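These are the residues of each chain, in order.
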Amino acid sequence: MITKNRCKKHREDLIAYMDGELSEKQARRVELHLEECPGCSAELAQMKTAMESLSLWDAVEPSADFDRVFQRKLNAVRIDEPETRKWAGLYDLFKTLVTPRFTLAATAVCAAVIVMVSVFTAGIRTDIPQDQLHIATDMELFLDLEIIENSEALENFDVITFLDVLEQETNG
Amino acid sequence: MRDDPHIQLMLAFQEGDEAAFQELFQIFKKPLLNFVFRFCQDRRVAEELTQEVFIRVYRSAASYRPDAKFSTWVYRIATNICLNEMRSGKYQYERSFYGYEGDSSHVTLESTVADKTPNVDDRIEDEESSSTVRKAIAALPDKQRIALLLSVYEQIPYKEIGERLQCSEGAVKSIIHRAKLAVKDILSKELKK
Numbered sequence: 022m023i024t025k026n027r028c029k030k031h032r033e034d035l036i037a038y039m040d041g042e043l044s045e046k047q048a049r050r051v052e053l054h055l056e057e058c059p060g061c062s063a064e065l066a067q068m069k070t071a072m073e074s075l076s077l078w079d080a081v082e083p084s085a086d087f088d089r090v091f092q093r094k095l096n097a098v099r100i101d102e103p104e105t106r107k108w109a110g111l112y113d114l115f116k117t118l119v120t121p122r123f124t125l126a127a128t129a130v131c132a133a134v135i136v137m138v139s140v141f142t143a144g145i146r147t148d149i150p151q152d153q154l155h156i157a158t159d160m161e162l163f164l165d166l167e168i169i170e171n172s173e174a175l176e177n178f179d180v181i182t183f184l185d186v187l188e189q190e191t192n193g
Numbered sequence: 033m034r035d036d037p038h039i040q041l042m043l044a045f046q047e048g049d050e051a052a053f054q055e056l057f058q059i060f061k062k063p064l065l066n067f068v069f070r071f072c073q074d075r076r077v078a079e080e081l082t083q084e085v086f087i088r089v090y091r092s093a094a095s096y097r098p099d100a101k102f103s104t105w106v107y108r109i110a111t112n113i114c115l116n117e118m119r120s121g122k123y124q125y126e127r128s129f130y131g132y133e134g135d136s137s138h139v140t141l142e143s144t145v146a147d148k149t150p151n152v153d154d155r156i157e158d159e160e161s162s163s164t165v166r167k168a169i170a171a172l173p174d175k176q177r178i179a180l181l182l183s184v185y186e187q188i189p190y191k192e193i194g195e196r197l198q199c200s201e202g203a204v205k206s207i208i209h210r211a212k213l214a215v216k217d218i219l220s221k222e223l224k225k
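Chains A and B supply the protein sequences, listed in that same order. For the first sequence, the residue numbers in this note's numbering are 22 to 193. For the second sequence, the residue numbers in this note's numbering are 33 to 225.
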């Protein structure tokens, strides 16, 4: 008893069988099925007839001026060729370079550069007035001076408060 | 792969031997023309597209690498040109059932068959049958049409068709199965009329 499923499976192989594309073992399996299945045998016969009718479509010959027209087109290409080759070379280089790995690496480098530039420029303010900038520039120098560090102590000295009086007395 | 004489010619052309290119042109112009003609079914368009294939081959010389058989490579170019040009609509090619009238440059399927058949009745019968064949093939989706043409007219094995269409051998088996079933159904219906 031939089941529909078995026929369906074999019919999928019928065309490959007809084209000689099955392995020896697969082909033998199809042949055994064909021996016992008139439906699939008829299908194969129809298919062979259909494919034979395709041979009615004979090959055509190139037209008489096919070569001449082609050579004319080719000459036009030859004139353009030095320019074309130059761009083709650049295109080939582009194709060689732009691989997925290259794209990934280039993206990573760009991202790193952007991050570094951002970090360096973030701390630099450009809107500071010149006088404040001067103080800020000299701040390190001020901090290094011991006298400035102890300025509070100096303020407690009376003598300093009346320095001009002392000076007058000394001169006088 | 390097034993392929056509690869040797292409490599010679790559080295500057123009005669090698002309030899390749003479070898492949007819099979490529027929492949393209059967795909687009218009002789004038088929000749233009076939010439375009060879222009691409010429321009590809510098970057050519013999990774596959030369025929596989050149038919892949032809396939891409056929698919791209037909989709772009650049060529309004003739796909009407009874062919083109009035322009002698348009050699249709009917005339190619008719020329070889002396008897008038036989000619009519053959013309009808071949028109049916043309109609059946034209009705197929692009990929099925290409796979069928390569299999039936070029006798290319499934594996190589897969390389040309850039799909697996299993996929080719399935595509050709569907294409041949569709052609058989159309032919059966048409021939019953």
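Rather than coming from a laboratory, the hints here were simulated on the basis of the structure. Wrong hints could be hidden among the right ones.
[Stated by the list, open to error] Label pairs and their computed distance ranges (CB to CB):
id	chain 1	residue 1	chain 2	residue 2	range
1	A	Ser-76	B	Ser-92	15 to 21 Å
2	A	Val-140	B	Asn-112	47 to 53 Å
3	A	Val-140	B	Arg-108	46 to 52 Å
4	A	Asp-88	B	Gln-198	29 to 35 Å
5	B	Ala-94	A	Ala-97	17 to 23 Å
6	A	Ile-135	B	Glu-201	46 to 52 Å
7	A	Gln-67	B	Ser-92	40 to 46 Å
8	A	Val-140	B	Gln-198	45 to 51 Å
9	A	Asp-101	B	Lys-221	47 to 53 Å
10	B	Gln-187	A	Thr-124	38 to 44 Å
A quick note: this is a predicted structure, and the numbers were derived from the prediction, not measured. Don't be surprised by glycine CBs; every beta carbon is placed ideally from N, CA and C.
Here is what the structure says about each hint:
For the hinted restraint 15 to 21 Å between Ser-76 (chain A) and Ser-92 (chain B), the CB-CB distance of approximately 33 Å leaves it violated. Evaluation of the 47 to 53 Å hint for Val-140 (chain A) and Asn-112 (chain B) yields a pass: the beta carbon distance comes to about 49 Å. Distance hint check: the CB atoms of Val-140 (chain A) and Arg-108 (chain B) are about 51 Å apart, consistent with the given range 46 to 52 Å. Judged by the Cβ atoms, the range 29 to 35 Å given for Asp-88 (chain A) and Gln-198 (chain B) holds: they are separated by roughly 31 Å.
For Ala-94 (chain B) paired with Ala-97 (chain A), a C-beta distance near 18 Å keeps the hint of 17 to 23 Å intact. Checked against the hint of 46 to 52 Å, the C-beta distance between Ile-135 (chain A) and Glu-201 (chain B) comes to roughly 48 Å, which is consistent with it. Under the hint 40 to 46 Å, the C-beta atoms of Gln-67 (chain A) and Ser-92 (chain B), about 43 Å apart, fit the expected range. The given range of 45 to 51 Å is respected by Val-140 (chain A) and Gln-198 (chain B), whose C-beta atoms sit roughly 47 Å from each other.
About 50 Å separates the C-beta atoms of Asp-101 (chain A) and Lys-221 (chain B), a value consistent with the hinted range of 47 to 53 Å. The given range of 38 to 44 Å is respected by Gln-187 (chain B) and Thr-124 (chain A), whose C-beta atoms sit roughly 42 Å from each other.
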